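Asker: Line by line, the protein sequences are chains A and B. Here this note's numbering is used: the first residue of the first sequence is 1, the next is one more, and so on. Here this note's numbering is used: the first residue of the second sequence is 1, the next is one more, and so on.
Treat the hints with care, as some may be off.
Okay, the calculated bits of chain A under chain B, using three or more residues with CB under 8 Å as the criterion [as the list claims (entries may be wrong)]:
#1 7-19
#2 39-48
#3 76-85
#4 181-195
#5 208-221
#6 235-246
Just so you know, these hints were derived from the structure itself, not from any lab. In this text the structure is predicted, and so the values were computed from the model without any measurement. Where a beta carbon is used, it is the ideal one built from N, C-alpha and C, also for glycine.
Number of protein chains: 2
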Amino acid sequence: MVHPRVLRALSTPLVGHLDPAFLGIMNDIQTLLRGVFQTKNRFTIAVSGTGSAGMEASMVNIVEPGDTVIVGVNGVFGTRWATIVERCGGKAIRVEAPWGQIIEPAAIEQALRQSGPVKAVAIVHAETSTGAWQPLEPIARLCREHDSLFLVDAVTSLGGAPVEVDRWGIDVCYSGTQKCLSCPPGLSPFTLSERALAAIKARRTPCQSWYLDLSLIADYWAEGKRAYHHTAPISMLYALREALRLVDEEGLPARFARHQLNSDAVTAGLIELGLQPLPPTGYRLPMLTCVTVPSSMPEAEIRRDLLSMYGIEIGGGLGPLTGKVWRIGFMGESSTEAHVLTLLNALEEICIRGGWLSTPGIALRAAARVYNRKAF
Amino acid sequence: MVHPRVLRALSTPLVGHLDPAFLGIMNDIQTLLRGVFQTKNRFTIAVSGTGSAGMEASMVNIVEPGDTVIVGVNGVFGTRWATIVERCGGKAIRVEAPWGQIIEPAAIEQALRQSGPVKAVAIVHAETSTGAWQPLEPIARLCREHDSLFLVDAVTSLGGAPVEVDRWGIDVCYSGTQKCLSCPPGLSPFTLSERALAAIKARRTPCQSWYLDLSLIADYWAEGKRAYHHTAPISMLYALREALRLVDEEGLPARFARHQLNSDAVTAGLIELGLQPLPPTGYRLPMLTCVTVPSSMPEAEIRRDLLSMYGIEIGGGLGPLTGKVWRIGFMGESSTEAHVLTLLNALEEICIRGGWLSTPGIALRAAARVYNRKAF
Chain A
1 MVHPRVLRAL STPLVGHLDP AFLGIMNDIQ TLLRGVFQTK NRFTIAVSGT
51 GSAGMEASMV NIVEPGDTVI VGVNGVFGTR WATIVERCGG KAIRVEAPWG
101 QIIEPAAIEQ ALRQSGPVKA VAIVHAETST GAWQPLEPIA RLCREHDSLF
151 LVDAVTSLGG APVEVDRWGI DVCYSGTQKC LSCPPGLSPF TLSERALAAI
201 KARRTPCQSW YLDLSLIADY WAEGKRAYHH TAPISMLYAL REALRLVDEE
251 GLPARFARHQ LNSDAVTAGL IELGLQPLPP TGYRLPMLTC VTVPSSMPEA
301 EIRRDLLSMY GIEIGGGLGP LTGKVWRIGF MGESSTEAHV LTLLNALEEI
351 CIRGGWLSTP GIALRAAARV YNRKAF
Chain B
1 MVHPRVLRAL STPLVGHLDP AFLGIMNDIQ TLLRGVFQTK NRFTIAVSGT
51 GSAGMEASMV NIVEPGDTVI VGVNGVFGTR WATIVERCGG KAIRVEAPWG
101 QIIEPAAIEQ ALRQSGPVKA VAIVHAETST GAWQPLEPIA RLCREHDSLF
151 LVDAVTSLGG APVEVDRWGI DVCYSGTQKC LSCPPGLSPF TLSERALAAI
201 KARRTPCQSW YLDLSLIADY WAEGKRAYHH TAPISMLYAL REALRLVDEE
251 GLPARFARHQ LNSDAVTAGL IELGLQPLPP TGYRLPMLTC VTVPSSMPEA
301 EIRRDLLSMY GIEIGGGLGP LTGKVWRIGF MGESSTEAHV LTLLNALEEI
351 CIRGGWLSTP GIALRAAARV YNRKAF
């Protein structure tokens, strides 16, 4: 869901992408993005494409043919990132973990020791395909020790859980707008440390992508330069500024606490319905709850009913998890008590009709306890 | 300018990018895009990026390392396209013409004869940096004779002048949304012939871009498949459908005639002010008028006055034309008699104040004659 203020911003009449008024909006976006990324990085911008464009930009700018990159692979997005390394002519060393588990820092350390020079280590912070919440600080330390750049996919986490770019030591970090920032999809917030900028400057070959060449895009976003590269997606940037203002007004600590509370409540309810979280305790994302669906329940049919009868869309499993899990997002504006209770109520109704539940209200009462409510 | 219906569509609440309701919108967009491209191509979609992303997609999907591509270079965009060929590991043969002139078909023919096998010939239909209107049919015929694919940049022309993909024999054609389609920037309408699809299928190496890999994106847009590739920019696609409906309601012949009439009128007026069109007669774009500014007139200062005092934005020169020309766009919703007269009136006022014009009304009267009006 998107806040009405963001929808209203989207429909603002257009100005040119080099209009002085628009350049002021770009400044605002950079300042606000530095806030959510918790960074002072001067290169902090919105890439003109969805989160996947950010993923591609992160690799094509850093990796040159022959470079070695360690990629944590425990879901769809790590898998995709490793593919992109290979399309850059790089060597991808995949450090794998079962889907739903995190990548163990010890496994990354081993890979770093066994390989020659490693240009970068790439880790997905919030695996949208499994709900796993990856700790980043230990891996950041390893990257410093081994003089590798640390690349982080924060598509699903940014704005819903801490992403402390400077304090942790992340060199390249990107996100998407349509997750916890509650802005329509179409842009990829992106930040580069000075170490990453130096690596890009030291490239021996040009970036294989012209559209995503950050050394050229930097000159459009740099205050005082604003050199034409490509036409910025004006309306989307209007929307992003407004969405970031809403994040700023709420404040990051309050926003993270809200996501965690609603996640705790929905998880408590789902467990009562026999739906067990896939990732282990302590590694479950606060904005995306991934649960295993018992084989007795027709998962695709229930998802269709949720959408057609209750207007609720939840995600099915991807890859090896197809037909086995649900991925239930409560992100940004959608992370509310009302949404949690609406979903649990709908699932209870469906489960009672289907004969998979005999005690009505059990899930709702579990959520109520988390919210410290007496009853509903 | 964007029609209010398009702004309203932008602010429609969001649904998921795999929601059945959204898939219906994608179908509508494909049908309407086939209309403006005048094609039956099944692969007719909107790429999730601006026109420059379309330009990159056109090359990275067709060119493999070692392939030869002939690129017509007579402005910024041909120059950029040749750079992209080289970033794909291809060999770019630049067929050059002075900025403001067209690429002569005979020069393309000569290059085709002198080179070994040529994978593709890439030509900009409407050079936004010079205002030159490139004839395409003769070059399309040459491409067929030499078994080369024909790639056309129709960023500025689509929806404002005929782009007859099927009848002319264009294999790869892309555009932008923010020119004559009058939709905000952020998407690139894109179409591929069966010949181009076969060439992509026969690649020996994967496309170097994952984000713009059309063989993967095809599975998202193909009816019945709709396989997840990346999250579509939902709001932008809402807007594009509405903008295309407006094009469809007006009808292409009426839309092209409107652009031509307003172009004729503004050109007549500008000539009276001593501003001569850069491209030769017969090769001047109907949506973008590029005129040489006499060195006696402070061109940057006048552009600033137009923006700050009259709310009119016109473009300056790029590359070797910096400081020498103005590029004045009347595209889509902005191609109106009122806009033409407002601009000419503002320029007359500025020129009289600056002492570059002594006969008030001269430009307005020239435009009036084109519109068949007695006087203003």
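Asker: Indicate, hint by hint, whether the structure satisfies it.
Answerer: Cross-check of the supplied hints:
Coverage of the segment 7-19 of chain A by chain B holds [criterion: at least 3 residues with CB-CB distance below 8 Å; count 11]. Counting residues of the segment 39-48 of chain A whose CB lies closer than 8 Å to any CB of chain B gives 1, so the stated coverage by that chain is violated, three being the minimum. Under the rule that three or more residues need a Cβ within less than 8 Å of chain B, the assignment of the segment 76-85 of chain A holds, with 3 such residues. Counting residues of the segment 181-195 of chain A whose CB lies closer than 8 Å to any CB of chain B gives 3, which reaches the minimum of 3, so the coverage claim holds.
Interface restraint, the segment 208-221 of chain A with chain B: holds (5 residues with C-beta to C-beta distance below 8 Å; minimum three). Chain B is given as covering the segment 235-246 of chain A, and this holds because 3 residues of the stretch bring a CB closer than 8 Å to a CB of that chain, at least three being needed.
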